[in-house]
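S.K.: Which chain is which? The protein sequence lines are A and B, in order.
According to our numbering, the stretch in the first sequence is residues -7 to 443, in order.
According to our numbering, the stretch in the second sequence is residues -16 to 37, in order.
Hints listed in this document are in silico derivations from the structure and should not be mistaken for laboratory results.
Just so it is clear, CB atoms sit at the ideal spot from N, CA and C, and this is done for glycine as well.
Some hints could be false.
As the list claims (entries may be wrong) - Label pairs and their in silico Cβ distance ranges:
no., chain 1, residue 1, chain 2, residue 2, range
1, A, G277, B, D8, 25 to 33 Å
2, B, E(-14), A, L80, 22 to 30 Å
3, B, E13, A, S251, 18 to 26 Å
4, A, G277, B, E(-14), 27 to 35 Å
5, B, A(-6), A, R274, 38 to 46 Å
6, A, G380, B, E(-14), 22 to 30 Å
What the hints assert, rightly or not - Residues from chain A shown here face chain B by an in silico Cβ test under 8 Å; the list is partial:
no., residue
7, R72
8, G182
9, P224
10, S226
11, A229
12, G244
13, R246
14, P250
15, F253
16, R322
17, L329
18, G332
19, N337
20, F426
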Amino acid sequence: MRAREIGKMLRSGRASCVEIVQEALRQIEKRDRFRTFITLTAAEALEEAVERDKELAAGIDRGPFHGVPVAYKDLFYTKRVRTTGGSLLFKDFIPEQDATVVGRLRAGGAISLGKLNQHELAYGTTSKNPHFGFVLNPRDSEHIPGGSSGGSGAAIAAGFVPMALGTDTGGSIRIPASYCGVAGLKPTYGRVSRHGVLPLAFSLDTVGPLGETVEDCALAMAAIAGPDPHDPTSSPAPLPDFYARPSTRFDGLRVGVPSNFYFDHIGTDVSASVYNAIEEMRRLGAVVSDVRVPDVLELNAAHQIIQGAEASSLYMAEHDGSRIGLDVWRLMQQGRLISGPDYVNAQRLRTVYRRQFDALWQSIDVLATPTTPITAPRLEQDEVETNGYRESSRMAATRLVRAINLIGEPALSMPCGSSRNGLPVGLQLVGKPFSDAMLLGVGQTLERRFL
Amino acid sequence: MPESEDERNRAIVDALRSSVADAVDRLAPEIEPALRYTLAPPSEAAPGHTEDTQ
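Using the sequences plus the hints, can you model the full thing?
M.R.: Right, dumping it as structure tokens:
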């Protein structure tokens, strides 16, 4: 159930916050064979629900998330609640304070049900966590949910919460959104505070919402976005109106469809659904045109160099890898092989690509692409083949999303159809820096055609 | 003989380094000497002002 529907039930007296939270906890207890949670904070959630009920009875309404159950990827500091990062390295870490975004949602009345499972240290795309269990995709539990925010996507797809926070360094919000059939926004770099969030790669990390719908993501952005004196990378840019009522049409909206890279080696069902969504945008008044995008293979390589070096720099003290899963340890070993000049050159390239994308935004407002070239792979699938093109599942998952982290643009993933075997297909909409609210508006208009 | 873990890691990183090095060569005239990277909202800056180098 969406956040807005829960809010209507609470304000009309059809349900109390306690009843909403009790039902969510009941569902998790009964159906969470997907291993979405690492830590469930049932007692604390019920205590908070009692307080939120008292407030509503007294006429105190904190806003759209008042009394709404939410949950956090286990990278977010939560006061007096264990925050593991999905790793043995932090298995006993209990923060003394909330992350800024957790505090903002708490102030907005949201009730945390606990901490969500994820790919270890947010460094991977499967959420096959060797320490806290493999997260399963609620759409088909023989498939992965994607990652690294796999528990966030799965908890929403399972109907446990309408909104959960995740992080996105190379696609970690958009990949699980695509594979689980939910919405997810990677905000503009700097739009949302990262204070109190375990880092992976400081110049690429972003914090954002996953939601049952794009509207849930918009409501979340209204609660969490904005400058934070505790995060020097947060932007002072004025906040847009995330609540703005979305238009019913796209008249005048310029939508670019990449003629290079983004539709190469794409699953037939995926491209059909994405082209159908683009056609829907055209029917609603958008001006759709083909565009050439900068060399994404180069951008992806520069991203991998930067992510590898920055992530490995955080864990230099780990020498034998005995406390780290093999796939993550392998990436850390690779990061240690990257030289200083390699890292600096990759960073220098970013400014060139930045200019190239600025030029692109002169002619279009939105770039429309698939989020992932495939639907969710099966749990045991380490490699995938797409129309004869073989690659690792990890490279397939990140192929169309990681370049966006390099340049910092906002990008929304939303469901736009399903494959023949019933797995969801994700549409990625990318906009210029700080156009997050515009993307969410476009997504809300479009999702009415698909819901 | 099968590749060792170390050889596999080196091959992956070498491919990435090669791609970045080629891009640096090709884009050399456009590349700024340093790497400070910031974003500003488009409303406050003309296109091309979203990065700053020194």
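S.K.: Now tell me if each hint is right for this structure.
M.R.: Quick rundown of the hints versus the structure:
1. A:G277 x B:D8: 25 to 33 Å: For G277 of chain A and D8 of chain B the Cβ distance comes to about 44 Å; the hint is violated.
2. B:E(-14) x A:L80: 22 to 30 Å: Since E(-14) of chain B and L80 of chain A have Cβ atoms about 28 Å apart, the given range 22 to 30 Å holds.
3. B:E13 x A:S251: 18 to 26 Å: Hint holds: Cβ distance 23 Å, inside 18 to 26 Å.
4. A:G277 x B:E(-14): 27 to 35 Å: 54 Å, violated
5. B:A(-6) x A:R274: 38 to 46 Å: 44 Å Cβ-Cβ, so the 38 to 46 Å window holds.
6. A:G380 x B:E(-14): 22 to 30 Å: 25 Å, holds
7. R72: 35 Å, violated
8. G182: 6 Å, holds
9. P224: 11 Å, violated
10. S226: The hint is violated - S226 of chain A has no Cβ within 8 Å of chain B, the shortest such distance being about 11 Å.
11. A229: Holds: closest Cβ of chain B sits about 4 Å from A229 of chain A, inside 8 Å.
12. G244: Constraint on G244 of chain A not satisfied, violated at 17 Å.
13. R246: Nearest chain B Cβ about 15 Å off; hint violated.
14. P250: With a closest approach of 19 Å, the P250 of chain A hint is violated.
15. F253: With a minimum Cβ separation of about 14 Å from chain B (threshold 8 Å), the hint on F253 of chain A is violated.
16. R322: 7 Å, holds
17. L329: 4 Å, holds
18. G332: With a closest approach of 12 Å, the G332 of chain A hint is violated.
19. N337: 5 Å, holds
20. F426: Result: holds, 4 Å to nearest chain B Cβ.
Checked against the numbered hints above, the structure violates hints 1, 4, 7, 9, 10, 12, 13, 14, 15, 18; every other hint is satisfied.
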